[in-house]
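To convert a position in the sequence shown, counted from 1, into my numbering, add 420.
Please note: incorrect hints may appear among the correct ones.
List of simulated lysine-lysine pairs, DSS-like, C-alpha gap at most 30 Å [to be verified]:
#1 506 <-> 522
#2 516 <-> 475
#3 532 <-> 506
#4 516 <-> 506
#5 579 <-> 506
#6 532 <-> 522
#7 575 <-> 506
#8 506 <-> 475
#9 532 <-> 574
#10 424 <-> 532
#11 574 <-> 516
#12 475 <-> 532
Derived from the structure by calculation, the hints contain no laboratory data.
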Amino acid sequence: MIDKRRIEEAVREILIAIGENPEREGLADTPARVARMYEEITAGYAQNPAEPLSKVFAEDGGSLVVERDISFFSTCEHHLMPFFGKIHIAYIADGKVVGLSKLARVADVFAKRLQLQERLNAQIADSVYGLLGAKGVMVVIEAEHTCMTARGVKKVGTKTVTCAVRGDMPPEIQAQVMTMCRCNQA
Numbered sequence: 421m422i423d424k425r426r427i428e429e430a431v432r433e434i435l436i437a438i439g440e441n442p443e444r445e446g447l448a449d450t451p452a453r454v455a456r457m458y459e460e461i462t463a464g465y466a467q468n469p470a471e472p473l474s475k476v477f478a479e480d481g482g483s484l485v486v487e488r489d490i491s492f493f494s495t496c497e498h499h500l501m502p503f504f505g506k507i508h509i510a511y512i513a514d515g516k517v518v519g520l521s522k523l524a525r526v527a528d529v530f531a532k533r534l535q536l537q538e539r540l541n542a543q544i545a546d547s548v549y550g551l552l553g554a555k556g557v558m559v560v561i562e563a564e565h566t567c568m569t570a571r572g573v574k575k576v577g578t579k580t581v582t583c584a585v586r587g588d589m590p591p592e593i594q595a596q597v598m599t600m601c602r603c604n605q606a
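Please take these sequences and the hints and turn them into a complete structure.
Spelled out as structure tokens, the structure:
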């Protein structure tokens, strides 16, 4: 549970610090709106990644499962600005699989926290590998960071791609996953 009252006070102070009047009509409700926004975009702190992966189904063999283009948004911990894009999750099953929506739910648990893209990548890979007991896991994230596009160097359209691999994920399977996710195209 976040302290919305404290966030509201801080937002009022920021408004004053930039030369605004927090009591004017357009800003009067802004502190409360920002507090509700932070409650929503940081909801992942109150969620356990094990919960979505707790319901599994028996599956013979070592099937490759790929769920690609999972839309996400997160908040950069350095600038408190959004970053967003697509997450691709691949795993080699070891006798059990999970419902596909559960992979997206695990991604959301970690995305709804203050993040670094590299950490988000690792947390998803570690959870799917450890909690699902997969033979191998590969998670690729392609994201646009507004701290690079809306401020600073202002390079609109720049994408950052990160990849985390856990367990037994042979190079030929990694290449197949990258092709399936179209991550190797310019």
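Fill in: Contradicted hints - numbers only
Number 11 - this is the single hint that the structure violates.
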